[in-house]
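Participant: Chain residues, written in single-letter form:
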Amino acid sequence: MGKSNGLGFWIACAVFLGAMLALTLVMKNEYPFFAGYVILQFIVLATAWNILGGYAGYVNFGTSAFFGLGVYIAVMLFKAIGAPIVVQIAGAALVGAVLGFGVGLLTLRMQGIFFSIATIAVTIIIETCVTNWKFVGGAAGIQLQRPPVMAPFDSYVKMLFFVQAALVVIAVALARYVQGSWIGRGLQALRDDELAAECTGVPTLKLKLLACCLSGALMSAAGAPSAMYLQFANPDSAFNLNYSVSALAMALIGGTAHWIGPILGAILLGVTQQILTVTISSEVNVLILGLMLVLFVVGAPAGLIGLVGFPWKKRGGT
Amino acid sequence: MALRLSVSDLDAGYGAVKALQGVSLEVRQGETVAILGSNGNGKSTLMKCVTGLVRPTRGRVTLEADGKSHDLAALPAEAIVELGIALVPEGRRLFPKLTVEENLMLGAFRKSARSEIGKNLAFAYEAFPVLKERRRQLAGTMSGGQQQMLAIARALMSSPRLLLVDEPSVGLSPLLVSQTITTIGDLKKKFGLTVLMAEQNFHQAVRIADRGYIIVHGEIAVAAQSVAELNANDIVKKLYLGGIA
Chain A
1 MGKSNGLGFW IACAVFLGAM LALTLVMKNE YPFFAGYVIL QFIVLATAWN
51 ILGGYAGYVN FGTSAFFGLG VYIAVMLFKA IGAPIVVQIA GAALVGAVLG
101 FGVGLLTLRM QGIFFSIATI AVTIIIETCV TNWKFVGGAA GIQLQRPPVM
151 APFDSYVKML FFVQAALVVI AVALARYVQG SWIGRGLQAL RDDELAAECT
201 GVPTLKLKLL ACCLSGALMS AAGAPSAMYL QFANPDSAFN LNYSVSALAM
251 ALIGGTAHWI GPILGAILLG VTQQILTVTI SSEVNVLILG LMLVLFVVGA
301 PAGLIGLVGF PWKKRGGT
Chain B
1 MALRLSVSDL DAGYGAVKAL QGVSLEVRQG ETVAILGSNG NGKSTLMKCV
51 TGLVRPTRGR VTLEADGKSH DLAALPAEAI VELGIALVPE GRRLFPKLTV
101 EENLMLGAFR KSARSEIGKN LAFAYEAFPV LKERRRQLAG TMSGGQQQML
151 AIARALMSSP RLLLVDEPSV GLSPLLVSQT ITTIGDLKKK FGLTVLMAEQ
201 NFHQAVRIAD RGYIIVHGEI AVAAQSVAEL NANDIVKKLY LGGIA
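Quick mapping for you: the protein sequence lines, in order, are chains A and B.
Mapped onto my numbering, the consecutive letters of the first sequence carry residue numbers 1 to 318.
Mapped onto my numbering, the consecutive letters of the second sequence carry residue numbers 1 to 245.
Next comes chain A alone, as it looks inside the complex:
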């Protein structure tokens, strides 16, 4: 991995953030930001999912647990101390990392399908807890009043759009770092053959816990701005299984071997979903999601990046 390559990545990040900021200042219509926010949010979720699900091969069905937890940590911090959005996100990321660690410790000794089932159970457990937590509204949900918007932005949604764009950069940069480092190499090894990885001295449990923490923190961070975005939170929508399925489908459709995969998958699926929601109905979304997943699993098991022959195989010769 050459230095120039790294520089190119950071320049691309800066250009991306700059462009997003410019959009929020130039465009008057709010709707594109409403839709764009959702796509950015799914880029973060898919990227976060891929750190554990793609690199390590541990299929996590609990994305919605982390996402919903992020939503509710933000709600709690806002209601309790009127915390600003950055603090809400940081708090959510911290709690998400702790949950990731806990879940990892309890479940990572299980492999394959057993791990996946355990992560579904985590979603149900946390949703049940939140449903019974009166302070954040319980089962009925909670209405939230947005605070005044901050400096360069003229609407709160535009600001959240930019915040989510910043989260995309953080998530992708982390995923990219993991992928290119010894951490990624170790995760790849344990995905291929866990016993062999242990034989060669890969600290498998430590690496899996690290991946779980990172992935969990990013998922919760992605969920945190959602409360302010909707000005409402209830357990049903915050812990919706749709987040788990979408994050997984986006990563698989984009390709799990490279950090660019989940981005491509999230953009493709996210845009399709937004268009379908507007033109047909939100129910059709799920159908299309399922169809695309089947299509890709059969036709392009390595995802979009496998189809276009992305040169990710070069990585070996550092």
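Take these hints with a grain of salt, some might be off.
Stated by the list, open to error - In silico DSSO-like links for lysine-lysine, alpha-carbon gap of 30 Å or less:
#, chain 1, residue 1, chain 2, residue 2
1, B, K97, A, K206
2, B, K97, B, K111
3, B, K68, A, K206
The hints are simulated quantities; they were obtained by calculation from the structure and are not laboratory data.
Dock chain B against the given chain A, drawing on the hints supplied.
Facilitator: Only chain B this time, still in chain A's reference frame:
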């Protein structure tokens, strides 16, 4: 005495199944020790106990290195690799979807080995030129013999002092078995290794072994101080040499 592995009174098993009972053995620096026995007698379990992949239920596994004594039964697998013990697992257990070079790099995962990665990679390619030719090939697509070479080379990437080889002959043709055993003997000399090898092919194993143990139903049946002593043993005659005990 710089390096010594001693196993004493070791019990291990899987749930209700006892795989090892009261096993004691010793490997001293510079030796090649063979553990002989047919399938299902506990050879692999013993190797896994030494490398931290299976926890013994009783007994001790100790590595004495440079005047320090390490209790291997209490260490995680990665810490044992860090101490300079490398295992070539049974059935090779490569990373089939990674390239030859990526497999080798993973052999050097431990921190102290990463600094010597270039040197060790050069050694590995020098010892096994075929791996250099195929370094971009996926490990799973190579022949059994080449995969065995890669498994050995990967273990050497961690600059081990004690090399454990579990059943190198599994799934190989007689000619390749012979070549593999010879290779292990050569590498041992070249790198000044100490070798503990589990094998069911008696005749091949004793070609490079200094001495050996015979393990039957999880217990050490014979502990011979030399190959001559092994050959002369009644149990060996009965089990391997077609003699009548």
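Participant: Checked against the structure, which of the hints given earlier come out wrong?
Facilitator: none
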